Amino acid sequence: MNMKKTKRELPLHLMLVPGVLILLIYCYYPMVGFVIAFQKFIPINGLFGSDWIGFGNFRYVLQMPDIWQVLGNTVFIASMKILLGLAVPILVAVLLNELKHVLIKRGVQTLIYLPHFLSWVILGGVLVDILSPSEGIINQLLNAVGMDSIFFLGSNKWFPAVLIFSDVWKEFGFSTIVFLAAITGINPSLYEAAIVDGANHTRQAWHITLPGMVPVIVLMATLSLGNVLNAGFDQVFNLYSPSVYQSGDILDTLIYRIGLLDAQFGVATAIGLFKSFVSFVLITISYFLAYRLVNYRIF
Amino acid sequence: MQHRMSFGRKVFVAGNYAFLVALSLLCLLPLIQVLSISFSSSAAASAGLVKLLPVDLTLSSYKYILQKQEFISSFGITLQRLVLGFVINMGLSLLCAYPLSKERKDLRIRSYYAWFFVFTILFSGGLIPTYMVISMTGLIDTIWALVIPSAVSVFNVILLLNFFRGLPKEIEESAFMDGAGHWLVLRKMYVPMSYPVLATVSLFTMVFHWNAWFDGLIYMNFPKNYPLSTYLQLLVINSNPMKMDPKNLAGILEISERTTRAAQIFLGALPILIVYPFLQKFFVKGIVLGSVKG
Numbered sequence: 242m243n244m245k246k247t248k249r250e251l252p253l254h255l256m257l258v259p260g261v262l263i264l265l266i267y268c269y270y271p272m273v274g275f276v277i278a279f280q281k282f283i284p285i286n287g288l289f290g291s292d293w294i295g296f297g298n299f300r301y302v303l304q305m306p307d308i309w310q311v312l313g314n315t316v317f318i319a320s321m322k323i324l325l326g327l328a329v330p331i332l333v334a335v336l337l338n339e340l341k342h343v344l345i346k347r348g349v350q351t352l353i354y355l356p357h358f359l360s361w362v363i364l365g366g367v368l369v370d371i372l373s374p375s376e377g378i379i380n381q382l383l384n385a386v387g388m389d390s391i392f393f394l395g396s397n398k399w400f401p402a403v404l405i406f407s408d409v410w411k412e413f414g415f416s417t418i419v420f421l422a423a424i425t426g427i428n429p430s431l432y433e434a435a436i437v438d439g440a441n442h443t444r445q446a447w448h449i450t451l452p453g454m455v456p457v458i459v460l461m462a463t464l465s466l467g468n469v470l471n472a473g474f475d476q477v478f479n480l481y482s483p484s485v486y487q488s489g490d491i492l493d494t495l496i497y498r499i500g501l502l503d504a505q506f507g508v509a510t511a512i513g514l515f516k517s518f519v520s521f522v523l524i525t526i527s528y529f530l531a532y533r534l535v536n537y538r539i540f
Numbered sequence: 033m034q035h036r037m038s039f040g041r042k043v044f045v046a047g048n049y050a051f052l053v054a055l056s057l058l059c060l061l062p063l064i065q066v067l068s069i070s071f072s073s074s075a076a077a078s079a080g081l082v083k084l085l086p087v088d089l090t091l092s093s094y095k096y097i098l099q100k101q102e103f104i105s106s107f108g109i110t111l112q113r114l115v116l117g118f119v120i121n122m123g124l125s126l127l128c129a130y131p132l133s134k135e136r137k138d139l140r141i142r143s144y145y146a147w148f149f150v151f152t153i154l155f156s157g158g159l160i161p162t163y164m165v166i167s168m169t170g171l172i173d174t175i176w177a178l179v180i181p182s183a184v185s186v187f188n189v190i191l192l193l194n195f196f197r198g199l200p201k202e203i204e205e206s207a208f209m210d211g212a213g214h215w216l217v218l219r220k221m222y223v224p225m226s227y228p229v230l231a232t233v234s235l236f237t238m239v240f241h242w243n244a245w246f247d248g249l250i251y252m253n254f255p256k257n258y259p260l261s262t263y264l265q266l267l268v269i270n271s272n273p274m275k276m277d278p279k280n281l282a283g284i285l286e287i288s289e290r291t292t293r294a295a296q297i298f299l300g301a302l303p304i305l306i307v308y309p310f311l312q313k314f315f316v317k318g319i320v321l322g323s324v325k326g
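Heads up: the sequence lines are chains A and B, in that order.
The first sequence: position 148 = 389 (this note's numbering), numbered continuously.
The second sequence: position 77 = 109 (this note's numbering), numbered continuously.
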């Protein structure tokens, strides 16, 4: 019986072989590479050939003058993106649900999803152009109403705001799908009952639509918790410059500069390990919360 | 209830239409502005005359770009990457999603496999160790560095397997009764029944490969091996005069003035703008079925 079962399962195992191999080599094997966070790593000596220095790299990182600034930037930018990235799609989904005109509704949806599919290389190029202090359309508009030009990408005052708003701009449409789906799943008879009770549209939205979305909102909020150290490498890398390192440098861009440009592999990997570890803990907590609060499972 | 709209309600409805239409224009206008700049003469562009529509309509920036050897060759690399990446990604995603969509009684160690896959989203080796593994396996400066490490997208696998789980079990069972095996069932039943989610995952895969630029930047030592997005990244972002050292500025300004940059941005976005309208009606369905259960 057991043999028979094993034989029946064999094709399923075979199907998984290529995928498992690729993950083993390109996802699991690099995790072994974390050992170089504890070494004075010299590439020629191989993974285990360099001198072990314990937490030396970590101590070095803690003494770096900008590390707290960078950590603060990362958490601030990421948290603001998470907060606004939740609030805006919830609001837009509720408002979009009120549209009765199907063609306009579909048109609005199509357009607001669009930026999600363009890369930060493209959108970075667009932002750099429209935000340019001399020739950008935004500053031309500001000048037209009598305001001075703002060097959005070159000023530490404005740069984080640009990062946060442009990220929300890129992604809110896509998140709206999930919240719209939640609204669609609400039992229509609840609205009928509310109408019989004399509830107007505002009250319906407040007492039925929003509570109906709560499980999905809780789910999205808890799942985004794991991203507190992910402030968006692609975006920052394509928009920043040395003049805004002070307000815009995040852990990932710092790792890139230290690791690949300065070739301090051990130090960069130590920061990377810290980031991976904290993210892992946060994601585990958030999955646990999502499971307890709204019975979410990944599959 | 529609026939008794109060005044306040009318104001809200009108305001709501206006707000949402404005919001969607906000997503489109920045792109249109850059598009218009690309079709304008450089004199008009640098004088800041281009608002929403092109001024002195001309195709000269496009002509200039399309005859550049680097542009053509990086476009070739991207096409290669798209074809290889698409076939490998979709093939592996199907092969992984099918067994993982089975229940414990059909695949006893299913949950171990599942955690093996999911763990890679939770924890990753980070930039430096990943780079070293890719270099150790000899992929540096080959097209395979761009398609093999990302060949299994766990996110896509989850979308697919959630969809597979919603398919009726009876059809599959009757096929097994008739003597069909798993391979046949996957090919002849699951794939044909899964068009909405396959369209979604296809779109994601193509967009991913088209947009990816960072792997090209770090795994390719020679600019001739750069895919289009990496080439654009260097040209549009890194050579942007606003971010340059003033002493390098003079030389750069000649090769990348504003209209050329705009034209390259637009060419980089064009394929996505073309496929997007056809596939977007699928992905709403595919995403919703795949990710939001119940």
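The set of hints was computed from the structure by calculation and includes no laboratory data.
Note that this is a predicted model, so its numbers are computed, not measured.
Mixed in with the good hints, there may be bad ones.
[As the list claims (entries may be wrong)] With a Cα cut of at most 20 Å, we get these calculated DMTMM-like pairs of lysine to aspartate or glutamate: (1) B:K137 / B:E204; (2) B:K313 / A:D389; (3) A:K246 / B:E102; (4) A:K346 / A:E412; (5) B:K83 / A:E412.
Here is how each hint holds up against the structure:
Straight-line distance between C-alpha atoms of K137 (chain B) and E204 (chain B) comes to about 15 Å, which keeps the hinted pair within the 20 Å bound. Between the alpha carbons of K313 (chain B) and D389 (chain A) the distance comes to roughly 43 Å, so the proposed pair goes past 20 Å and is violated. Only pairs whose Cα atoms come within 20 Å are accepted, and K246 (chain A) paired with E102 (chain B) is rejected, the gap being roughly 56 Å. A hinted pair counts as satisfied when its Cα atoms are at most 20 Å apart, and K346 (chain A) with E412 (chain A) qualifies at roughly 18 Å.
Annotation: proposed proximity of K83 (chain B) to E412 (chain A) is violated, straight-line Cα distance about 26 Å (limit 20 Å).
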